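Those sequence lines, one after another, are chains G and D. To convert, note that position 20 of the first sequence is 20 in this note's numbering; the numbers rise steadily by one, no gaps. To convert, note that position 109 of the second sequence is 109 in this note's numbering; the numbers rise steadily by one, no gaps.
These aren't lab readings, by the way, just hints derived from the structure by calculation. On a predicted model such as this, the values are computed, not experimentally measured, just so you know. A portion of the hints provided could be inaccurate.
[What the hints assert, rightly or not] Cβ-Cβ distance ranges computed for the label pairs, FRET-style:
no., chain 1, residue 1, chain 2, residue 2, range
1, D, Lys215, G, Pro107, 17 to 23 angstroms
2, G, Leu63, D, Gly129, 34 to 40 angstroms
3, D, Leu44, G, Pro84, 36 to 42 angstroms
Where is the CB? At the ideal position from N, CA and C, for every residue including glycine.
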Amino acid sequence: MSRISARTRNEWITAYSFLLPNIIGLLIFVFIPILYAFYVSLHDWNALSPKVFSGLDNYKVLLKDDLWWASVRKTLLFSVIYVPLLYVLAIISALLMNALRGKVVGPVRTMFLMPFAITSVISAIIGMFMLDPRNGIINHLLGLAGIGHQQFLGSTAQAMPSIIGVILWINIGYNMIIFLSAMKEIPRDYYEAAYIDGAAGWQSFLSITFPLLKETSTFILIVTTIGSFQALDQILVMTKGGPANATEVSVLYVFKQGFELLNMGYASALAFVLFLIIFCLSIIQLKFLSLKK
Amino acid sequence: MKLNNRIVLPTVGILFGLLMIFPIYMLVISSLRSETDVFSFSLLPVQMQIGNFKAAWLDSGLPRTILNSLIVSITVTVVAMVFHAMSGYALARFRFPGKTYVFAWMLSTLMVPFAVIMIPLYLITKNLGLANSYAGLIIPSIFNAYGIFLFRQFYVTFPKELEEAGYMEGLSLSGTFFRLAFPLSVPIIVPLTIGFFLANWNAYLWPLIITQDEKLWVVQQQLAHLVGGGYYTPWNIVLAAAVIAAIPTFILFFVSQRYLVEGIKMSGIK
Numbered sequence: 001m002s003r004i005s006a007r008t009r010n011e012w013i014t015a016y017s018f019l020l021p022n023i024i025g026l027l028i029f030v031f032i033p034i035l036y037a038f039y040v041s042l043h044d045w046n047a048l049s050p051k052v053f054s055g056l057d058n059y060k061v062l063l064k065d066d067l068w069w070a071s072v073r074k075t076l077l078f079s080v081i082y083v084p085l086l087y088v089l090a091i092i093s094a095l096l097m098n099a100l101r102g103k104v105v106g107p108v109r110t111m112f113l114m115p116f117a118i119t120s121v122i123s124a125i126i127g128m129f130m131l132d133p134r135n136g137i138i139n140h141l142l143g144l145a146g147i148g149h150q151q152f153l154g155s156t157a158q159a160m161p162s163i164i165g166v167i168l169w170i171n172i173g174y175n176m177i178i179f180l181s182a183m184k185e186i187p188r189d190y191y192e193a194a195y196i197d198g199a200a201g202w203q204s205f206l207s208i209t210f211p212l213l214k215e216t217s218t219f220i221l222i223v224t225t226i227g228s229f230q231a232l233d234q235i236l237v238m239t240k241g242g243p244a245n246a247t248e249v250s251v252l253y254v255f256k257q258g259f260e261l262l263n264m265g266y267a268s269a270l271a272f273v274l275f276l277i278i279f280c281l282s283i284i285q286l287k288f289l290s291l292k293k
Numbered sequence: 001m002k003l004n005n006r007i008v009l010p011t012v013g014i015l016f017g018l019l020m021i022f023p024i025y026m027l028v029i030s031s032l033r034s035e036t037d038v039f040s041f042s043l044l045p046v047q048m049q050i051g052n053f054k055a056a057w058l059d060s061g062l063p064r065t066i067l068n069s070l071i072v073s074i075t076v077t078v079v080a081m082v083f084h085a086m087s088g089y090a091l092a093r094f095r096f097p098g099k100t101y102v103f104a105w106m107l108s109t110l111m112v113p114f115a116v117i118m119i120p121l122y123l124i125t126k127n128l129g130l131a132n133s134y135a136g137l138i139i140p141s142i143f144n145a146y147g148i149f150l151f152r153q154f155y156v157t158f159p160k161e162l163e164e165a166g167y168m169e170g171l172s173l174s175g176t177f178f179r180l181a182f183p184l185s186v187p188i189i190v191p192l193t194i195g196f197f198l199a200n201w202n203a204y205l206w207p208l209i210i211t212q213d214e215k216l217w218v219v220q221q222q223l224a225h226l227v228g229g230g231y232y233t234p235w236n237i238v239l240a241a242a243v244i245a246a247i248p249t250f251i252l253f254f255v256s257q258r259y260l261v262e263g264i265k266m267s268g269i270k
């Protein structure tokens with residue numbers, strides 16, 4: 001110890017004292033919960049009764065729980081619709097913004113970004129209001145086009161797309177900004193060179209812009225996919241999983257098992273499996289996207 | 001092609017932009033209508049009812065829940081800025097054993113989605129005696145590797161001369177941080193403050209889980225309760241309440257849009 005100078009030791013101590021609050025906080029509120037979820041999942045525990053060790057029983061029940069697997073399918077359905085749509089709409093928005101010049105740039109960017117300042121709950125309220133089956137403005141507009149009234153959130157087929165629409169609406173702006181800033185970094189000469197070679201518009205997008213957005217695309221696709229497994233706020237407000245479980249995604253099923261039925265052991269097993277699914281999917285996605293040139 | 005770039009694309013862009021704000025326009029305009037007109041198919045308020053806002057403020061449980069949201073959002077943001085700046089600075093500047101491991105471990109917590117840990121997080125917070133309290137609303141929301149990471153990136157590019165100046169002045173290592181580096185970190189603190197405040201103002205799920213006592217409800221819970229609480233609230237009042245609850249975020253949005261955009265760009269850098 002004596003060979004370490006006072007200054008070096010002082011630096012170690014200061015460094016760890018600066019890190020300590022976050023180390024403790026992340027340990028207690030992020031890291032331990034994952035381990036604790038696994039521990040609790042090995043118990044039969046209905047919050048009101050004492051914990052009883054039950055080994056892998058919860059996982060055996062889970063394998064045969066049709067409602068759980070139905071919720072996994074709904075989650076995948078949500079992701080498969082939501083992620084590509086968000087990706088495409090964000091890129092299109094960024095391209096449109098990138099084509100703007102002059103005084104309109106600021107106001108139009110504000111219009112794209114404003115929904116980002118709307119909270120999840122308020123977006124859900126606006127969605128419920130505009131999609132009202134009897135009097136909502138969307139039904140009024142459909143009426144003008146000669147299409148009859150739709151049930152939207154009251155229909156098992158339309159509830160999920162309606163919720164996806166609301167969540168898309170508040171998230172396009174954020175992703176558009178990320179794409180736009182990546183597009184702005186592409187040197188102009190690239191486009192000029194391509195233009196001389198006869199590539200313009202759509203062709204220059206395919207041969208220059210799109211390939212150079214690869215890293216940004218990977219980032220956005222992974223973040224969006226992970227996020228899509230967690231969408232819960234709007235669903236809780238708009239449908240609570242209904243009608244007839246049509247919007248009961250996995251996180252909602254975990255929420256109900258834990259906080260409504262108080263099956264803490266079982267809910268923890270579900271949460272742990274969900275964690276593994278999300279973890280594997282992000283690894284696969286990362287591999288797949290970095291292999292694909 | 002030229003025509004496309006000059007006229008068609010900008011026009012489509014502006015129309016798309018208008019479509020994006022249309023729901024917000026409908027929210028505001030409908031919040032000014034009477035209960036019978038609220039669903040009118042019109043782009044105007046029909047009959048202005050400013051009184052909706054008074055009714056929403058007085059009868060919809062807003063003052064208390066907005067105050068709670070302010071207390072929680074501001075406290076989380078302020079504490080998070082100090083803690084995350086300290087950790088980011090330590091990771092960027094100090095040499096100490098285990099540095100790479102600590103950093104990698106902190107980043108790995110980003111892989112853990114909140115919705116997945118909500119049950120164990122609730123159980124742990126409850127065991128710590130924090131359920132149903134301001135502390136339970138605030139403390140678990142503070143810790144976030146994202147903030148640490150972005151502060152670290154900022155301090156990595158921070159001029160070294162500053163620390164040397166601090167050393168010459170006889171300041172300790174922590175003195176140099178708190179007196180010199182932290183006050184000069186405004187370019188990172190501003191966008192992160194906006195981001196943290198917005199995220200916590202938006203929070204609905206965690207408050208829903210951790211509070212039973214209505215006195216602790218945050219404004220998002222109150223709004224959700226107004227539309228789905230089992231009793232009837234007229235739509236014009238619900239919308240007026242939503243407009244009132246959106247005011248702090250919209251003020252922040254318009255005052256600081258430039259920084260918000262900067263913050264979003266930063267979050268997009270891997």
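Results of checking the hints against the structure:
1. Checked against the hint of 17 to 23 angstroms, the C-beta distance between D/Lys215 and G/Pro107 comes to roughly 42 angstroms, which is inconsistent with it.
2. Judged by the Cβ atoms, the range 34 to 40 angstroms given for G/Leu63 and D/Gly129 holds: they are separated by roughly 37 angstroms.
3. Hint check: D/Leu44 to G/Pro84, Cβ distance near 37 angstroms, so the stated range 36 to 42 angstroms holds.
Violation of the numbered hints given earlier is confined to hint 1; every other hint is satisfied by the structure.
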